[in-house]
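Visitor: Chain residues, written in single-letter form:
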Amino acid sequence: MSVWFDQFRIIFLSVYLEALPFLLFGCFVSALLHAFVRDEFLLKLIPKNRWVAMTVASLVGFVFPVCDCGIYPVARKLIQKKVPLYFVVTWMLSAPIVNPVVILSTWYAFYNQPVCVVFRIVGGFLVAFTTGIIFSRMGKIPVLKKNKEDQKKDLSSRAEACTCHSCGEYDKNRKLSGVEKWVNVFNQTGREFYDVGKYFIFGAICTAVIQTFFPKMFLISVGSHPVASVLSLAVLAFLLSLCSEADAFIARTFLGQFSYGSVIAFMLFGPVMDLKNFLFLSASFRKRFVWLLFAVTFILCIAIGVLINGFWIV
Amino acid sequence: MNIRRVFSFNFWWLAILIANVWYLSEILAAKQILAYLHPRFIPYSFAALVGLSLIVISQAVQFARNSSAKPRAGLLFFIFPLVVKSLAPYSMSDTAMAQGALMQIVRAPVKTEKSVKPQAPSQALKLSPERFLLRKNNLKQRQRRLAMEVVSKKKEKPERMRAVIGSGGAVKLSSEEEIKQVRFTGSNFLRMVDDLYDRIDFYEGKRVEVTGFIFRRSDFSANQFVVARLFMWCCAADAAPVGPMCKWDKISAFQSGTWVKVTGVIENEFFDDTYFNEKSDIPVIRVEAIEEIEKPDSPYVYKL
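Chains A and B are the protein sequences, given in the same order. Here the numbering used here is used: the first residue of the first sequence is 1332, the next is one more, and so on. Here the numbering used here is used: the first residue of the second sequence is 0, the next is one more, and so on.
Worth flagging that the hints you see were computed from the coordinates, not collected in a lab. A couple of the hints might just be wrong.
[What the hints assert, rightly or not] In the DSSO-like style, the derived pairs of lysine-lysine whose C-alpha atoms are separated by at most 27 Å in a straight line are:
# : chain 1 : residue 1 : chain 2 : residue 2
1 : A       : LYS1512   : B       : LYS84
2 : A       : LYS1476   : B       : LYS84
3 : A       : LYS1379   : A       : LYS1413
4 : A       : LYS1529   : B       : LYS84
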């Protein structure tokens, strides 16, 4: 019993402590956008052409390397700021894979198999881009949950729904003095931290429970079946919720026993969607959107894994 | 001032944030954070501490201004880390992680020699005596800093280590006795395991001394075990045991997870790894002596 608890304690606290800085950073960026950036300004920055915009979105990670924990608060804010959904989705999915830090750590892990690194980068790009296309075809759909305050505002005949806590923050903020402004920004950061942090901690608890009690060796029996192995490693990636910087090292150790495609699928699906992020997303996004995102990315990652198994013989 | 106003959402939120700031600064000050995170994350944790403190200040202002909202259940989540932490006494040398470690490897996952930074093996050759001393001091500092194991042995030990670590094939060893015994300690553990696998022929027949905890995988035969350390890449959640394979008939007398000092001779042996489907010759330590030791301060080794 005490061994189980120790294990749970260490995993939970290390996931919490590791992600905390990135989570806070995400909330802070989101608060800055909230207070200082006008919606129109952001829209102007994004290329008019859809294809160009999505290509740009999937490469933003190179300039702005954040891992998945820091991305969601910002993504939520960007959608509130009316940035097109396909742009946010493409960026959100590609940034944890197509960024220099993750590429480097994958390179370390697969130093003798550079093909794996290429598969991961290209695969990550493909998944993000394709999902972006699918969401861009769907046009404008409401993706964010409304909170109670806004529902009240809705009732009092507000034309457009808005999920931010205080509308027109930008204009309000301009009139304040320097210190007041920053107190406001950190207040907003704290609010976002509360909103996002509770789901994040819940996710970390689930991850720690699974890592403690799940018999990992059980999965290894699935072995090298071209489809079953891909499925099982994708599920494992979802459940373990590893940081995209570290998962390549775990993935590497699967190479001997599992098919190539399944290892790639592990490294694609983990960063794009995992248990922690799933709970995270369902906190502020609508159920339909979250499930759709889950289904689309899952199918894409599996497809890439199976294709690699089918057409690329080691 | 009424009670509801005082014990509002803002009050509890502020209190919980302060408790989290306290916890973070406590484990940072005592370096206990090394039980959870790789040392390179420490600057980020300091940044998080600053960020949280700023949030605390702004929440205090908010509390003074206006606080009437009712406490919400979500606050409980933020207490959870503090509760978990206080339920068990702090101890870093736990090998509990190894029990369920995701990958139970006999081999170090990263080859320092061939990866991007080719530092240790070839460079040690070129070090002048002063630089070597400096390096030795750095190592010592690091040992102290990370509370790694401090080795107390005769003074010629570094020379030996140097001869072994630095011999990329081109080194002339003054005599065979000089490197009769190779020691694996906290600070050179990972490098030595790599080197051992890379140059089995060189090490074959040499005597080694390894300290680590006993680790057995379920498919090992009754006399096989690994003297392991935990290799950490990012955080404790991805730590996995690493170490050289050993052979001793009476190992079952020792419990898994016990910290031991093993002395033995390196042999080259065929090993069929059924988990990873790898059949290869690996270095195996034929144990001559095994001795239970005190837990070191940290079970972790890093690729620095």
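Visitor: What are the numbers of the hints the structure violates, in ascending order?
Guide: Violated hints: 1 and 2; rest satisfied.
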